[in-house]
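2 protein chains.
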Amino acid sequence: MQEKQLAVVAVSGGLDSCVTAAIANKNYNLALAHINYGQRTESRELNAFHEIADFFQAEKRLVIDYSHLTKIGGSSLTDKNIEVTDADLESDKVPSSYVPFRNASILTSCVSWAEVVGANAIFMGAVYEDSSGYPDCRPEFFKAFENVIEEGTKPETHIKIETPVIHMSKAEIIKLGMELKAPIHLTWSCYKDGEKACGVCDSCALRLRGFQSIGAEDPLDYEIRPDYLKK
Amino acid sequence: MQEKQLAVVAVSGGLDSCVTAAIANKNYNLALAHINYGQRTESRELNAFHEIADFFQAEKRLVIDYSHLTKIGGSSLTDKNIEVTDADLESDKVPSSYVPFRNASILTSCVSWAEVVGANAIFMGAVYEDSSGYPDCRPEFFKAFENVIEEGTKPETHIKIETPVIHMSKAEIIKLGMELKAPIHLTWSCYKDGEKACGVCDSCALRLRGFQSIGAEDPLDYEIRPDYLKK
Numbered sequence: 078m079q080e081k082q083l084a085v086v087a088v089s090g091g092l093d094s095c096v097t098a099a100i101a102n103k104n105y106n107l108a109l110a111h112i113n114y115g116q117r118t119e120s121r122e123l124n125a126f127h128e129i130a131d132f133f134q135a136e137k138r139l140v141i142d143y144s145h146l147t148k149i150g151g152s153s154l155t156d157k158n159i160e161v162t163d164a165d166l167e168s169d170k171v172p173s174s175y176v177p178f179r180n181a182s183i184l185t186s187c188v189s190w191a192e193v194v195g196a197n198a199i200f201m202g203a204v205y206e207d208s209s210g211y212p213d214c215r216p217e218f219f220k221a222f223e224n225v226i227e228e229g230t231k232p233e234t235h236i237k238i239e240t241p242v243i244h245m246s247k248a249e250i251i252k253l254g255m256e257l258k259a260p261i262h263l264t265w266s267c268y269k270d271g272e273k274a275c276g277v278c279d280s281c282a283l284r285l286r287g288f289q290s291i292g293a294e295d296p297l298d299y300e301i302r303p304d305y306l307k308k
Numbered sequence: 078m079q080e081k082q083l084a085v086v087a088v089s090g091g092l093d094s095c096v097t098a099a100i101a102n103k104n105y106n107l108a109l110a111h112i113n114y115g116q117r118t119e120s121r122e123l124n125a126f127h128e129i130a131d132f133f134q135a136e137k138r139l140v141i142d143y144s145h146l147t148k149i150g151g152s153s154l155t156d157k158n159i160e161v162t163d164a165d166l167e168s169d170k171v172p173s174s175y176v177p178f179r180n181a182s183i184l185t186s187c188v189s190w191a192e193v194v195g196a197n198a199i200f201m202g203a204v205y206e207d208s209s210g211y212p213d214c215r216p217e218f219f220k221a222f223e224n225v226i227e228e229g230t231k232p233e234t235h236i237k238i239e240t241p242v243i244h245m246s247k248a249e250i251i252k253l254g255m256e257l258k259a260p261i262h263l264t265w266s267c268y269k270d271g272e273k274a275c276g277v278c279d280s281c282a283l284r285l286r287g288f289q290s291i292g293a294e295d296p297l298d299y300e301i302r303p304d305y306l307k308k
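These protein sequences, in sequence, are chains C and W. Going from the first sequence to the working numbering is simple: count from 1 and add 77. Going from the second sequence to the working numbering is simple: count from 1 and add 77.
Covered stretches of chain C, going by a simulated chain W footprint (3 or more residues, C-beta under 8 Å):
1. 131 to 145
2. 171 to 183
3. 190 to 196
4. 217 to 228
Dumping the calculated DSBU-like pairs for lysine-lysine here, alpha-carbon to alpha-carbon at most 30 Å:
5. 148(W) to 148(C)
6. 273(C) to 252(C)
7. 237(C) to 148(W)
8. 231(W) to 220(C)
Residues from chain W that face chain C, not an exhaustive set, calculated with beta carbons under 8 Å:
9. 144
10. 151
11. 178
12. 185
13. 186
14. 192
15. 193
16. 215
17. 217
18. 218
19. 229
By construction, these hints were calculated from the structure, which means they are not laboratory data. Remember, predicted model here, so these are calculated numbers, not experimental data. Glycine included, each C-beta is placed from N, C-alpha and C at the ideal position.
Working from the sequences, and respecting the hints, build out all of it.
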């Protein structure tokens, strides 16, 4: 049997990237990367990352500390002076939780690592269809970035970007994760840093609605399960 | 008189970025960014950055610590197990000093910052024509990256990348720097971390040859001035 190739997977500790790692795991050996960028829930997400990496018995793992996104601010996730607003799933404005160009930062470090360890794919659990409207989750962004990799790395380096859940709804991601036996119980999605997940931020709202729509129970504990879930 | 717009300039402390800052200074207020990425000459370059920022009385400055490029390694500039090779200006291979995808890292953090402070241009002193053959110094790379910015930031964000010295020879950059009264005496170019600049690494060789070809004297002290300079 041929040796599997290596893929770098950006694993935040959240649900989407956990399911993405499970998808990559079917065809690749895993090199899992996690980025601390001074977000409110940094330590929770890092724990989730290590538990997920243990679960998959990842061949390599890399934890990166990005202090610059906190220094730069401009987002409710990294700047304590900006409030985490409750979800408004109908709005077409970029929400306050948008961290300027964060996915580009994550991708660039994954590319540097992939080039050195010889990985030929980078997986990222970005979601566009059912997302919060972050511009750096758009398929066009990843397409453009793939071109930057081709132009900006060694001639012999070829790395493709895989975003296998980008067109899926949260419900579809959860369903696929369950089918692949992804360790959803180890993930952390909430933008706030409470004892339990808050249940009302953008991220909790999307996740809870996803479980609800397939009639499944989220294994996490929540502070509040919002009213619309009981409708 | 209309208020000048703001530009982010990536200033390494070297000659090319110093002259680039002098070019940007003609039409913009300056927000100067510097990245420590665990290179051998980190503290020297940081000093040069602050002295250059003082010289230009920059409106804003930002110092970013990138530990991941050291962790990742793969370059003689960040990995002490890889030797800094002497210059081979005739070779068409990517040299050992290439830091995988480093310019993408620098650009992404400049974009994050530019988006938050409202700058509409990023200047970078990349040189291609007379360069060491780094793939992330190619004009195509910057063109592709500009597209990534357009796709990956807020709809109202428009940031162009300016690389005004990219097609210049080192001699032309030095000449222009002198005309603009750029503080060349404050810069540090050498890849090694000696008392004086080594005179033989890729970077020293290019710089010395540049001064020589316009018949000017480099204000820096060198350990060695290689033989070809005396021909």
